[in-house]
Each structure stands twice: as C-alpha cells, then as structure tokens.
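Visitor: Those protein sequences? They're chains R, Y, F and V, same order as listed.
Just so you know, our numbering puts the end of the first sequence at 337, numbered straight through with nothing missing.
Just so you know, our numbering puts the end of the second sequence at 528, numbered straight through with nothing missing.
Just so you know, our numbering puts the end of the third sequence at 447, numbered straight through with nothing missing.
Just so you know, our numbering puts the end of the fourth sequence at 447, numbered straight through with nothing missing.
Do not take every clue at face value.
[What the hints assert, rightly or not] Computed list of lysine to any residue pairs in SDA-like fashion (alpha-carbon distance at most 25 Å, straight line):
#1 273(Y) / 469(Y)
#2 319(F) / 273(Y)
#3 48(R) / 83(R)
#4 48(R) / 163(F)
#5 249(F) / 369(Y)
#6 253(R) / 279(V)
#7 249(V) / 149(F)
#8 343(V) / 343(Y)
#9 108(R) / 297(F)
#10 130(R) / 297(F)
#11 397(V) / 437(Y)
#12 274(R) / 281(V)
#13 249(F) / 149(V)
#14 206(R) / 269(F)
#15 319(F) / 329(Y)
#16 343(V) / 434(F)
#17 201(R) / 272(F)
#18 328(R) / 281(V)
#19 317(F) / 131(Y)
Derived by calculation from the structure, the hints in this document are not laboratory data.
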Amino acid sequence: DKKVVAVSIPAADHGWTAGVVYHAQAAAKEINAAFPDVEVVVKTSPSAADQVSALEDLSASRKLDALVILPYTSEELTQPVKAIKDMGTFITVVDRGLTDASIQDLYLAGDNIAVGANTAKFMIDKLGGKGDIVVLRGIPTVIDDERIKGFQDTIKGTGIKVLDIQYAHWNSDEAFKLMQDYLAKYPHIDAVWANDDDMLLGVLEAVKQSGRTDIKLALGGNGMKDIVKKVIDGDSVTPVETPYPPSMIKTAIYMTVANLIGQAPVRGHVKLDAPLITQANAKEYYFPDSPF
Amino acid sequence: MSIAARIDTDRFAAPGDALPVAPVLRAEGVSKQYGTVTVLSDVTLDILPGEIHAVIGENGAGKSTFMRLLSGYIEPTQGALSMAGQRVRFTRPDQAQAAGIALVHQEILLAEALTVTDNLFLGRELTKGGMVDDARMRRLAAAKLAELGCEVPATALVHDISLADRQMVQIARALLDEHRVVIFDEPTAVLTGGEIERLLAIIFELKARGIAVLYISHRLDEVQRLADKVTVLRDGKMVGTYPGHTLSQIDMARLMVGRELAALYPQKQATRTNQPMLSVLNAMVPGFVRDVSFSAHKGEILGFAGMIGAGRTELFEGILGLRPGTATVELNGAPIRIRSQREALDAGIAYLTEDRKGKGLLLQERLGPNLTLSALASFHPGLVVKRAREAEALGQAVSTYDIRLKSLGARAGQLSGGNQQKLLLAKVLLTDPSVVIIDEPTRGIDIANKAQIYGFIQDLVRQGKACIVISSEMQELVGICDRIIVMREGRISGEVSGETMTESQIALLATSERAHVAQGGMK
Amino acid sequence: MTALTQSVPARNERRYQFSWADAGPFLALAALLALGFLVNPDFLSATNLSNVITRSAYVAIIAVGATFVISSGGLDLSVGSMVAFIAGITIMFMNMMAPSLGLWAIPAGMAIAVVTGLLCGLANGVIVTVGKIEPFIATLGTMGIFRALITYMTNGGTIPIDRSLREAYRPVYFGTLGGIPIPILISAIVAVLGAFVLYKTKYGRKCAAVGANEDVARYSGISVIKTRTVAYVIQGVCVAVAAICYVPRLGAATPTTGQLWELQVITAVVIGGTALRGGKGRIWGTIAGAVILELIANLMVLSDFVSEYLVAAVQGVIIIIAMLVQRFSK
Amino acid sequence: MTALTQSVPARNERRYQFSWADAGPFLALAALLALGFLVNPDFLSATNLSNVITRSAYVAIIAVGATFVISSGGLDLSVGSMVAFIAGITIMFMNMMAPSLGLWAIPAGMAIAVVTGLLCGLANGVIVTVGKIEPFIATLGTMGIFRALITYMTNGGTIPIDRSLREAYRPVYFGTLGGIPIPILISAIVAVLGAFVLYKTKYGRKCAAVGANEDVARYSGISVIKTRTVAYVIQGVCVAVAAICYVPRLGAATPTTGQLWELQVITAVVIGGTALRGGKGRIWGTIAGAVILELIANLMVLSDFVSEYLVAAVQGVIIIIAMLVQRFSK
Ligand SMILES: Nc1ncnc2c1ncn2[C@@H]1O[C@H](COP(=O)(O)OP(=O)(O)OP(=O)(O)O)[C@@H](O)[C@H]1O
Ligand SMILES: Nc1ncnc2c1ncn2[C@@H]1O[C@H](COP(=O)(O)OP(=O)(O)OP(=O)(O)O)[C@@H](O)[C@H]1O
Ligand SMILES: [Mg+2]
Ligand SMILES: [Mg+2]
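Let's have the full structure, built from the sequences with the hints guiding it.
Guide: Printed below as a string of structure tokens:
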C-alpha cells in the first residue's frame with residue numbers, strides 16, 4: 046500500500062507563500078515520480094481556520110503516514126496537529142513551531158527573529174551606529190511580529206532611530222504609497238527596512254520617483270530573486286539580503302519521505318540560519334526559475 | 006370665479022344654524038405649504054358621525070393633501086384638528102389610527118413582498134401566547150375580503166395580485182378595526198361595477214353604524230348617490246359645503262372648475278374605416294387569457310370591457326411582450342413579431358399602463374426625462390439628449406394636456422394623481438404611435454379633464470390611428486367607443502356596437518355564465 | 118346589480134404547497150452530496166460529514182443573524198472582524214479572571230462575549246438607522262474599527278487562551294452530546310430560535326415589513342429605526358455565540374481571525390434564498406447555504422482535480438451554478 | 118372649453134441651483150484638506166498632493182465605471198481582482214510581443230487590456246442580467262475566478278514586465294503633461310467622458326431609469342438586460358484603463374494586485390453621493406470620494422496621532438463621520 050504524506054501550507058497570497066507553494070508542489074511531483082510507494086498530497090489553506098479544516102478533511106478520509114505542515118500560527122494549530130499525531134502520524138513542522146514542542150517529530154525552522162536582527166546589525170554597521178530610519182510592517186501575524194521584534198531588540202541602545210512604522214500588508218502597492226507618504230513626511234531618511242521583498246519593490250519605486258538621494262539603504266528580506274539579483278549586481282542601496290527561503294518546505298518534505306521509506310531516520314530540530322546574502326555569496330541564493 | 010360665487014350665494018347658501026350633533030372630527034383653518042408653494046389654504050370642515058361627507062375638486066385641488074393631513078401622514082403648517090371638541094395633533098399615521106381615523110389611500114400602499122394577510126395586519130398582528138396567530142389572522146382576513154367580494158387568497162403575495170385586488174386589500178385593511186372616521190381617497194378608481202356596488206353598500210353600513218365617512222371621487226354619480234354633504238375644493242381653497250342630494254352632477258362640475266362645462270362625451274365622429282390596423286389571433290397568456298382574437302380598425306375607438314380579473318390588462322401585456330404569452334399579430338396586414346415593449350413601440354404600437362406609479366412614471370425623476378423616456382430613440386436622434394428640445398416638449402405637453410403643476414422643476418411624484426395620468430398620456434403619445442392602447446385612460450381624472458382626454462382620443466382616430474381603450478367604466482366606453490369587446494374570465498364573451506351598445510348588455514356579457522366558465526378553470 | 122355582487126367562494130388556500138424556490142437550497146445541497154460521493158466515496162463518511170457540518174456552524178450561526186439584518190433591508194460587513202474582536206475580548210477577560218474564578222472564568226467570559234456582541238451590534242444598528250448611513254458603508258467602517266481593535270489588543274500577534282482553561286473549554290467545540298457535536302447542537306438551537314422569532318413573533322413581521330417597504334411599515338406604526346436596530350443587535354448576539362464556539366477550536370484570537378467571513382455569511386444567506394433587497398428571510402435556507410459553502414471547500418480538499426491556485430475559481434463557478442440552478446428551477 | 122386648457126405659466130426651472138446634498142462630498146474634501154494642513158503643513162505641499170491624487174487615479178477611474186453599474190441598480194465586487202487579471206494578461210501579452218513588435222508591444226498590450234476588460238465586464242453583466250443572479254453573489258463569484266486566474270498565471274508569484282518595455286512604459290504612470298501627472302489626466306478624461314455619457318446621452322437616461330424602477334423602464338421600451346449589461350461593460354473598460362495606468366507603476370502583476378479595491382471603489386461611489394439602491398449617479402462626487410479616501414490614508418501616515426495598529430479604526434471613524442456630515446448638512 047502507498048504511504049501517504051500530507052503537506053498542509055498556506056495558500057499563495059503573496060510572494061513568499063507563493064514560493065512555498067511552488068517548492069512544495071515541485072517536491073510532490075518529484076517524489077511521486079521517483080517513489081511509486083509514496084504519495085505526497087499538497088493542500089493549501091487561506092487562513093488558520095481553513096488550515097484546521099483541511100487537516101480534518103485530510104485525516105478523515107484516509108490514514109496519513111506523515112504530515113508536513115507550515116502552520117499559519119502556532120497557537121491555533123497546536124491542538125489540531127496533536128489530534129493527528131494521536132492517530133499515529135509522523136509530524137514534520139516547518140517554520141513556525143507548535144506551542145507544544147513534543148508534538149513535532151521533525152522541526153525545520155526558519156528564524157524570523159534572526160531575519161530582523163541580522164538586518165538590523167548590518168544597518169547599524171553601515172550607518173555607523175546612528176541614523177533615522179522608517180520601517181514597513183507586513184500583515185499582523187507571528188512572522189511579522191518576530192521580525193520586527195528581532196530588529197527592534199537589536200537597535201535598542203544604538204543611535205538608530207525609527208521615525209515611523211506602519212503596516213503595508215506585504216503588498217507592493219501599499220508599500221509604494223506608504224513610502225511616498227514617508228518621503229513627504231520626513232525630509233531626511235537614512236534607511237528603510239521593508240521586512241519583505243514584495244514591499245521593498247514598492248519602496249524602491251517610490252524612492253526612485255522622488256529623486257531623493259538621502260536614502261542610503263533600502264533593505265528587504267526573504268530572498269526574492271529580483272532582489273538577490275540586485276545584490277549580485279552590486280546595487281548600492283540594496284547591497285544585502287536576508288534569506289528566508291521558501292524552499293525550506295521542499296527540504297522538509299524530502300527529509301520526511303526519507304524517514305518514511307526508512308532510508309534515514311530523521312528526527313529532531315533543524316534551525317535554518319538567516320545569514321546575510323552579500324555580493325560574495327548571492328549566486329547560491331539565486332533561482333531565476335522560481336516564481337519568487 | 007364669478008360664476009361659482011354666484012352659484013354659492015344664489016342656490017346653496019349654507020344653512021348657518023347650529024349643528025344638531027357634535028362633530029367627531031373638525032379641521033379648523035388648516036393650510037399646508039411645501040416650501041413656498043401653498044397646496045391647501047385655510048380649510049375648515051366639520052365631520053359628523055353617521056354622515057357621508059364627499060370632498061370633490063379638480064385634479065390637484067388638494068383633496069389628497071387634506072386627507073393625508075386629517076389622518077396624520079403630514080402635519081398642517083397652519084390650523085389645527087380637534088376630535089369631539091378636544092385639540093389633537095397627529096405626527097404619525099398610527100396615532101390617527103389609534104384615535105379612530107382610517108385612511109384608504111389614493112395610491113396603493115402595501116408591502117409587495119408580503120402576503121395579503123401580513124399586509125392587512127401589519128403593525129397590529131394578533132398573537133396567541135406571544136406567537137403571531139397566523140391561522141386566525143388568515144381566517145379573519147379571508148372573511149373580511151369575502152365581505153368585500155374580493156376573491157384573492159389571503160395567502161397570496163401582494164406582488165402577485167392585480168391592482169384592483171390590491172385596492173380591495175387596502176380597503177379591507179382600513180375596515181379591519183372599528184373606526185370613528187373612515188376616509189376613502191378615490192377608492193373606486195381601480196374598481197369595476199361589482200366591487201363598486203359592494204363598496205358602496207359597505208359605506209352605507211358604516212354610516213348606519215354611526216361612523217363618519219369622508220369620500221373622495223371623481224365619479225360624480227357615486228358622490229350623488231352617497232353624499233349627505235359635499236365639500237368642494239378649488240386650487241387648495243374651500244369653495245363651500247353643500248347638502249349632497251340637492252346638488253346635480255352638473256352643479257358639482259361647475260363648482261369644481263368655476264366655470265361652465267361643455268358636454269362630457271364628445272360627438273362621435275364617423276372616422277371608423279373597415280381597414281384592420283392591428284389584428285391579433287389566438288392570443289394566449291398563461292394563467293390569464295385563452296385564445297383571444299380581434300382586430301382594431303383604422304380610425305376606430307375600440308373598447309375592452311369586463312369585470313375585474315377578466316384579463317384585459319394581461320391580454321395586452323402579453324401581446325406586447327411585457328409578460329409571457331403568445332399571439333399572432335398583424336399590423337396593417339403584415340405579420341410582426343413583438344417580443345418586447347421596444348419592438349412594439351418601434352412598430353408603432355403604444356401601451357399606456359393602468360399602474361402609473363408602479364410602471365408608468367419615475368416618481369423621483371423630473372418631468373422632462375419622464376416625458377421623453379419612451380421616445381428616447383425618436384425624440385433625441387443621435388447619441389445626446391437635447392435638453393432644450395425636451396424643455397420645449399414639456400412646455401407643450403403641459404399646455405396641451407393641461408398638466409397643473411407648481412414648477413417645471415418638480416418631480417413626477419409631486420404631481421397630483423390626475424396630473425400624473427396626464428403626464429403619462431403625454432409621454433406615451435410622444436412616440437407618435439399608429440395604434441394606441443390606453444388602459445384605464447381616466448382613472449383618477451376629474452370630470453373636466455375627462456372631457457379633454459376624450460377629445461384627445463378622438464383627435465387620435467381622426468389622424469387615422471387606431472385606438473383601443475380598456476376601461477372599467479362602462480359608461481365611458483359607451484360614450485366614446487365605436488365598438489366594444491367584452492371579456493370574461495380570460496376569453497372574449499361578446500361584442501357590442503351601434504344599437505346593442507348599452508351598459509346593461511355589456512354587464513350581461515361580462516358576468517353571465519360566470520360560474521360556469523369558472524368551473525372550466527383557468528389555472 | 119345584486120347578482121353581480123354575489124361573491125364566488127374564495128379560491129382554496131393551498132397552505133402547504135411545495136415551492137421549488139424554497140426547496141432550491143436543499144436540492145442544491147443534495148446535488149452536492151451526490152457529486153461529492155462520485156468524486157470521493159469517503160466524502161459521505163460519518164466523520165467527514167460531521168466535521169464539515171461542525172465547521173459550518175460558525176458561519177451558520179452568524180448567518181442566522183444576518184438573515185434578520187438582510188431581511189430587514191440592511192447589510193453587515195463587519196461580522197468577520199467582530200468575531201475576532203469578541204474572541205479577543207473574551208479570551209482576555211477569561212485569562213484575567215482565571216486566577217480568581219478558576220473554571221468559572223469560562224461562563225463569565227461567555228457572558229462578556231454576549232454583552233460585547235450586543236453592544237457591537239447596537240453600534241452598527243444605531244449608525245445605520247439613526248445616522249442614516251448606507252449599511253454597506255457604515256459596516257465597512259466598523260469592520261475596519263473592529264479589525265484595528267483586535268490588532269491593537271494583540272499588538273499584531275496572538276492572544277492565546279490560558280492553559281488552565283483550555284482543557285475545560287475544549288468540549289464546547291470538540292465535545293458531543295448524544296453523539297452530536299456541540300457546535301451542531303448550538304447552531305441548531307440558534308436556528309430554531311431564529312426561525313421562531315422571524316416567523317412566529319410580531320418582531321419577525323415588523324422585520325419583514327421594514328425590509329419590504331419602509332414607508333408602508335412606517336405608516337403602519339412600525340418604528341423602522343427600532344426594528345432595524347434590533348436586527349443588528351440580534352446579529353451581534355449571533356456573532357458572539359459564534360465567537361464562543363470558535364475560541365476553543367483554535368484556542369487563540371489573532372488579527373486575521375474571521376477574515377472574509379462576512380462574504381461567506383452573506384453568500385450563505387443569499388444561496389439560502391433570502392433576497393438582498395430585503396423583505397423575506399429564510400432561516401433554514403440560510404443554514405443549508407452555510408453547509409453548502411463548507412461542503413464545496415471540503416470537496417476541493419478531498420478531490421484532486423484542481424490546481425491549488427484555481428480552488429477559488431472553482432468555488433466561484435460552483436456558487437454561480439448553484440444560483441443559476443436555483444433561479445431556473447422555479 | 119378653451120378657457121380650461123389655458124395653462125398658468127409655470128415657474129422657470131432654476132437649472133443651476135445650489136444643492137447642499139450635491140456639494141456634500143466637495144465640502145468634505147475641503148474640510149479634509151483644511152484638517153490636513155492643521156495636522157501637518159507638508160500635507161498641502163505640491164508633491165504630496167500630486168502624489169495622493171495620482172494614486173487615487175485608479176480607484177477614481179474604476180469608480181467612474183462603478184457609478185454606472187450602481188446607478189443602474191447593480192454592484193460589482195470583482196473589480197479589484199479584475200484589475201489584477203487584466204494587468205496579468207496585458208503584461209504577458211506585451212512580453213510575448215516585445216521581441217517581434219518592439220515598443221509597439223505597448224499599445225498592442227493596451228488594446229488587449231481594453232478587450233479583456235470589455236469581455237470580463239460582459240461576463241459579469243450577462244451573469245447578472247440574463248442569469249438573474251443577485252449582483253453581490255454573481256460578482257463575488259467572478260471575483261474569486263479572476264483572482265484565481267491571476268494566481269494561476271503567476272504561479273502565485275509575480276509577472277514582471279519585460280525590461281525592454283519598462284522604461285518606455287514608465288511615463289504612463291510617472292510622466293507629466295504640462296506639469297500634470299498623466300494618471301490624473303487620464304482619470305479626468307475618463308470622468309469627463311463618464312459624466313457626458315451619464316448626464317448627456319440617451320444611454321445615461323436609460324441607465325438611471327433602469328436603476329430607479331425596472332418596471333417603468335421596461336414599460337417605456339427600455340431593455341433592462343441590455344442597459345445593465347452595458348453598464349457592466351463600461352465598468353470592465355474602466356477597469357482596463359485603470360490596469361493600463363497601473364502596470365507601469367510597479368512594473369508587475371501579482372496575486373495581491375488590486376486586493377480590496379472593490380471596497381474602496383464602492384466606498385468612493387457612495388461617499389460621492391450615489392445611492393447604492395440605484396437610480397442616480399454622481400460622477401464628480403465619485404471622483405471626490407476617491408480622492409477623499411486616499412487623502413484619509415495619507416493623513417494617517419503624515420500625522421503622528423495614531424498607533425500603527427489603529428490606523429484602520431481611525432479611517433473607519435473618519436469615513437463614518439464624513440457620511441454623517443453629508444447626511445445632516447442636507
Ligand atoms: N410633496 C409635495 N411637494 C410639493 N408639492 C406637492 C407635494 N405633494 C403634493 N403637491 C402638490 O399639491 C397639489 C395638490 O395635490 P393633491 O394630491 O392633494 O391633489 P388631489 O386633489 O388629490 O388631486 P387628484 O384628484 O389628481 O388626486 C398638487 O399641485 C401637487 O403637485
Ligand atoms: N399571480 C397571480 N396568481 C393568481 N391570480 C392572479 C395573479 N395575478 C393576477 N391574478 C388574477 O388574474 C385575474 C386578471 O387580472 P386583472 O384584474 O389585472 O385583469 P383586468 O381585466 O386587466 O382587470 P382590471 O380591470 O383590473 O384591469 C384576476 O382575477 C387576478 O386576481
Ligand atoms: Mg388625490
Ligand atoms: Mg387591468
């Protein structure tokens with residue numbers, strides 16, 4: 046009988062999640078072709094509540110041998126995932142850990158706090174420890190919260206001053222408008238942090254339109270191919286990038302399948318680092334075919 | 006003015022002595038102004054218990070305004086009301102209702118999405134143990150409707166019933182509770198013979214029970230039969246109050262308009278030809294009309310008579326693509342297909358609806374756009390609406406059809422009922438049709454304007470058009486038509502012309518074998 | 118003339134006549150169940166169906182309230198963010214009370230939820246009726262307000278419910294009574310109450326009258342303002358009940374809780390046969406509509422036909438087809 | 118008899134009379150500008166105002182179309198995702214044609230955009246009118262469909278416009294003509310055309326008639342189906358024009374493009390004084406409404422009063438207050 050691996054991820058509602066969906070589907074296709082005994086089923090959900098529903102649906106109709114999940118939020122998905130674990134399913138959690146760590150057989154995490162902190166460190170260095178910056182936040186969720194927290198904790202005590210911080214919902218349009226308004230409001234801005242590359246695109250466009258030269262740095266995050274390309278090209282305003290590769294889902298699926306077909310018993314915690322992408326190493330992070 | 010004044014003093018000087026009974030409702034010097042426009046000025050009236058008091062006047066004289074004022078729908082700008090000697094002030098209709106004053110509106114005011122029963126009991130539902138008692142309300146509703154001779158099921162949606170039935174529902178609603186004063190504002194405008202008789206009987210019953218009745222109608226014969234007293238309004242002012250039975254219809258008409266009147270029905274013209282213009286074969290309208298064939302001739306005024314529910318409106322709506330139906334139609338001998346009102350208008354067939362508020366006019370819109378709405382294509386060649394032409398056409402229509410209004414910038418809904426009807430007539434004729442079908446041409450039209458409209462209809466046939474008149478006033482049909490087709494239960498039951506064209510013959514054709522045909526079952 | 122006035126006995130009232138229009142949503146439901154079985158026989162398994170119906174409970178409960186608002190001629194776009202706001206308030210209150218009240222914090226929190234819902238509904242109602250603002254705009258405004266408040270309360274993150282309460286509260290979503298999941302029972306109770314109020318009380322009549330024709334209602338002595346405001350209050354209370362069932366499911370409130378539920382709710386009501394222009398509400402149709410929506414989503418997960426990206430498109434198509442079927446089955 | 122027909126000379130139509138109700142949105146706009154100046158004098162700087170008005174251009178252009186749909190008695194919730202879908206199609210087409218057509222790919226792409234918009238609008242119109250489905254539900258369905266299609270086309274990511282076209286196309290958003298930003302000019306042209314069609318042509322009359330009373334329109338020989346369908350087609354074309362201006366701004370289409378614009382559009386139309394129940398459209402009010410919305414958002418950022426979490430709440434409150442002021446200034 047085929048072994049069933051269910052993959053539950055958020056629906057593609059902005060660039061990064063689109064990357065997750067892309068890599069998850071790529072993994073599913075490769076594995077379904079390569080291993081006739083394994084069936085990987087990918088389901089996306091547009092909200093936490095829908096993700097819980099999807100878990101119920103997936104487990105109601107068949108027995109799952111393994112579940113790979115990128116939870117919307119930790120709190121809300123903990124109980125439902127536990128319910129599936131109690132049926133004897135192998136649980137792999139990606140990105141956001143559940144509140145009860147004992148549920149996770151395998152945990153593959155990106156580090157959102159590090160994304161914020163590493164960006165902040167680079168900024169402090171580059172600006173010489175002081176300067177006026179503006180920040181764009183995403184959608185009010187855990188990821189956004191953690192990144193901002195990592196960033197703010199790091200700049201605490203330095204001469205970096207956050208002039209303003211507002212939501213732009215990980216949306217280029219809103220980021221464009223917000224940046225226009227920041228530019229109108231503040232005659233001098235040293236740097237911008239957009240916390241996500243979709244938003245960075247809007248920011249750059251607004252800065253370009255204003256023709257202002259005071260902005261020395263405009264940084265994003267997540268490793269979108271267009272931005273990585275800028276790093277490769279040695280862009281002076283965006284010289285670095287923080288990866289938060291959506292491909293982590295693919296890694297997780299492969300590790301889970303490997304575990305399932307007994308090639309290698311993989312368990313425990315894997316924390317992906319968030320190293321700075323610089324011109325030196327940018328080529329490793331450049332995937333021109335990915336949608337993200 | 007001088008004529009009316011003379012009539013006043015000469016013949017109908019008010020008695021002037023003390024009233025034997027205390028008035029149940031008294032309006033003292035009431036006026037109503039809309040902005041700078043005075044619609045009603047200084048009207049004083051006593052309404053006695055057990056008395057039928059008719060209020061007559063031309064279209065736009067302010068009758069409905071006065072009635073709305075008495076029953077709490079609007080408040081007077083000056084003057085006051087008193088009941089049994091006590092000052093009263095109504096700010097909402099339900100307060101007047103609670104005080105025992107009920108109004109049957111000139112317009113139909115019912116919630117279409119609700120059932121007949123729901124409408125009857127709206128705002129005063131009967132309950133049993135906290136729950137609405139539907140079964141009982143349905144029973145009472147059915148009983149009340151049966152009393153009025155109305156056949157609609159109490160569970161039907163108002164949306165699905167005919168205009169006449171809606172009017173009966175409205176009357177039933179007013180009569181449901183015991184009242185001290187019942188006001189009827191043109192209750193018979195949409196009714197036919199049987200219903201009218203039934204209603205008049207009920208009004209006499211009310212009178213016998215000591216209830217005061219205020220009655221508005223343009224049908225002066227009814228007024229003459231009913232009224233103990235007649236109050237005449239002209240241009241918002243009182244002309245006077247007269248004892249009813251001494252007043253002839255001619256007198257009433259004179260008092261209303263303030264000058265001498267010509268004959269009501271024009272001399273019949275021999276414009277009729279034998280050349281069929283509109284021929285209809287085997288018209289079918291599911292649920293309403295079965296297998297009707299007729300033709301209307303060039304220069305002819307063809308009448309359609311029948312009881313309420315005979316299906317005349319449905320017949321023509323079916324033919325003109327306004328509701329599902331089938332018919333073979335020929336115009337001037339050439340077969341045509343009509344799937345929508347547009348195609349009918351393009352072919353030169355115009356239909357004037359009986360429901361002017363619901364289907365005829367955009368009440369919130371100004372007069373100009375209303376006037377040209379059907380004729381957009383022909384009246385405004387090209388893309389653009391020509392405002393100047395429109396204004397000119399409006400001015401012309403206002404004078405031709407004697408539409409009384411306070412300002413050309415008014416909205417259609419602000420015109421009095423009768424003037425709305427005249428605007429609608431102007432609107433339909435603007436398309437310059439060769440066949441004109443008029444459903445209830447004089448519903449709610451005062452006697453002077455009626456004569457005018459008959460004149461317009463004659464003008465039409467004189468120009469070589471064919472004119473079909475659907476009317477529930479047999480007298481009117483007899484007065485103006487060359488030929489009358491009588492319908493009963495969705496079929497043609499006979500035709501009268503020349504010698505046989507009498508009211509009694511029509512009534513016979515419209516009603517006999519009624520029960521028998523009903524057995525056959527239409528639906 | 119007397120012969121004329123003889124009235125023919127009124128046409129027989131067919132009181133319990135079968136109406137295709139009323140049956141529409143239930144037929145659509147049946148068709149969907151059949152389709153589901155063809156696609157994946159597991160679809161009709163007891164577990165799956167019970168899961169799906171349990172899930173549809175929130176939307177169903179809120180939609181019962183929406184049936185009142187819509188049939189009274191209003192609209193409420195704020196229900197989704199109101200769920201989040203009420204859930205947030207409730208959890209915060211329960212957590213605060215847990216140390217002193219122990220498990221009694223749960224019923225106390227539920228009471229707070231109902232009161233909050235009532236006040237939110239009242240606010241919506243007053244803005245719409247007394248403020249005379251188009252319901253669409255007024256509730257779009259309060260939608261933003263509630264959403265912002267929950268974001269503020271959570272600081273953009275999550276408010277989880279206290280661990281000490283979690284196990285005790287869980288059964289409200291996950292428990293069963295006589296084999297029937299509690300949320301299904303609650304939504305059945307809400308529906309029965311809703312149907313009773315809408316069909317059997319004077320208030321229900323007023324509601325329909327106000328929605329059908331404001332002028333007629335006003336002339337009949339019905340207060341349009343009061344009636345419509347009460348409809349919004351009922352809506353608020355229904356949202357509170359939904360929030361009470363929702364909290365144990367995910368154990369937390371976040372700024373994204375309840376997002377776009379307003380659209381699902383309105384869709385459920387309309388699929389159920391209530392006209393958006395008001396005048397007639399169909400509680401049972403609404404319930405069927407809520408279940409239909411959840412079934413479609415479930416079917417998408419259980420079937421493997423459509424690309425992940427196209428799920429929303431297929432849902433849109435199915436809804437349109439369902440409405441078309443309903444229209445032309447008349 | 119002749120004496121009777123003598124009509125009293127009717128008072129002259131006061132054609133250019135001042136109406137507080139019509140002036141409402143413009144007064145609100147002026148009040149907002151004054152408030153903005155008080156909060157932050159930079160608010161009235163030329164750059165800021167020009168930025169804000171340019172940004173409001175999309176919503177304004179789409180809202181002109183929505184004024185037709187709404188005044189004809191319809192509603193269109195799909196416009197936001199339609200923008201994304203049209204932008205996607207347009208970019209894909211331009212990129213495909215760039216090698217062979219060079220810069221001519223840009224006008225070719227624009228033509229395709231208009232054709233696509235027209236077809237999308239037609240689809241909406243036909244579903245609503247011929248299918249007789251509530252506009253709310255029908256366009257909620259197509260909203261899902263368009264959104265899913267753009268997600269599918271982009272694989273959930275981004276479709277950027279070809280580098281070779283980018284610079285040539287940029288001025289359509291960033292360029293100026295006689296000092297006025299191009300999007301402002303385009304939206305002014307669209308508004309003038311819209312006002313002309315709605316107020317001066319026969320079609321405009323029909324549109325208002327159908328929205329005011331379907332029966333009257335039908336009995337006057339106006340095809341309700343055709344008129345309302347054309348309104349949706351106009352809406353589609355307006356969306357296409359907005360998409361054409363939108364593409365050069367960020368040079369890409371993504372699945373989040375145009376999200377929630379439908380709500381902004383409807384809000385703009387209603388703030389502008391058009392009633393959602395149809396019958397009367399106010400193009401210039403709509404334009405003012407679109408600018409008002411963008412100004413409020415701008416004001417939120419330029420002022421330092423509110424926590425980032427509460428921005429949406431304050432916006433909601435301002436919109437409600439604006440509507441209240443309008444209501445009671447009558
Ligand atoms: N809301 C309003 N604003 C301005 N004028 C009004 C308004 N309502 C009615 N009028 C005007 O008041 C006058 C009297 O109208 P009313 O409806 O009372 O006439 P009526 O005597 O009932 O006529 P009819 O026999 O045609 O029904 C008309 O000239 C009408 O245009
Ligand atoms: N939806 C319906 N269901 C059942 N009966 C209906 C429905 N609508 C109308 N009727 C009935 O159909 C019949 C024909 O309607 P209607 O009264 O309009 O005919 P008419 O000859 O044009 O009369 P009128 O004199 O009012 O113009 C009536 O008996 C009416 O009650
Ligand atoms: Mg009148
Ligand atoms: Mg008729």
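Visitor: Does each hint hold? Answer for all of them.
Guide: Cross-check of the supplied hints:
Pair hint residue 273(Y) plus residue 469(Y) holds up; C-alpha atoms about 15 Å apart against a cutoff of 25 Å. A distance of roughly 58 Å separates the Cα atoms of residue 319(F) and residue 273(Y); the hinted pair therefore is violated under the 25 Å criterion. Proposed proximity of residue 48(R) and residue 83(R) is supported: the alpha carbons are some 5 Å apart, at most 25 Å. Taken as a hint, the residue 48(R) and residue 163(F) pair is honoured in the structure, with Cα atoms around 24 Å apart against an allowance of 25 Å.
For the suggested pair residue 249(F) and residue 369(Y), the alpha carbons sit about 19 Å apart, so the restraint of at most 25 Å is met. A distance of roughly 19 Å separates the Cα atoms of residue 253(R) and residue 279(V); the hinted pair therefore holds under the 25 Å criterion. Proposed proximity of residue 249(V) and residue 149(F) is supported: the alpha carbons are some 22 Å apart, at most 25 Å. For the suggested pair residue 343(V) and residue 343(Y), the alpha carbons sit about 17 Å apart, so the restraint of at most 25 Å is met.
Restraint check for residue 108(R) and residue 297(F): the C-alpha separation of about 23 Å stays at or below 25 Å, so the hint holds. Note on residue 130(R) and residue 297(F): the hinted pairing holds, with a Cα-Cα distance of about 24 Å set against a maximum of 25 Å. A threshold of 25 Å between alpha carbons decides the hint, and for residue 397(V) with residue 437(Y) the separation of about 28 Å lies outside it, so the pair is violated. Distance check on the hinted pair: residue 274(R) and residue 281(V) sit about 17 Å apart at the alpha-carbon level, within 25 Å; holds.
Distance hint between residue 249(F) and residue 149(V) is fulfilled; the C-alpha atoms sit about 22 Å from each other, no more than 25 Å. For the hint pairing residue 206(R) with residue 269(F), the CA-to-CA distance comes to about 23 Å; that is within 25 Å, so the pair holds. The hinted pair formed by residue 319(F) and residue 329(Y) fails the criterion: a straight-line CA distance of about 37 Å is larger than 25 Å. Note on residue 343(V) and residue 434(F): the hinted pairing holds, with a Cα-Cα distance of about 23 Å set against a maximum of 25 Å.
At most 25 Å may separate the alpha-carbon atoms for a hinted pair to count; residue 201(R) and residue 272(F) meet this at roughly 19 Å. In summary, the hint linking residue 328(R) to residue 281(V) is supported, as the alpha carbons are separated by about 24 Å, within the 25 Å threshold. Our distance criterion of 25 Å between C-alpha atoms is met by residue 317(F) and residue 131(Y), whose separation comes to about 11 Å.
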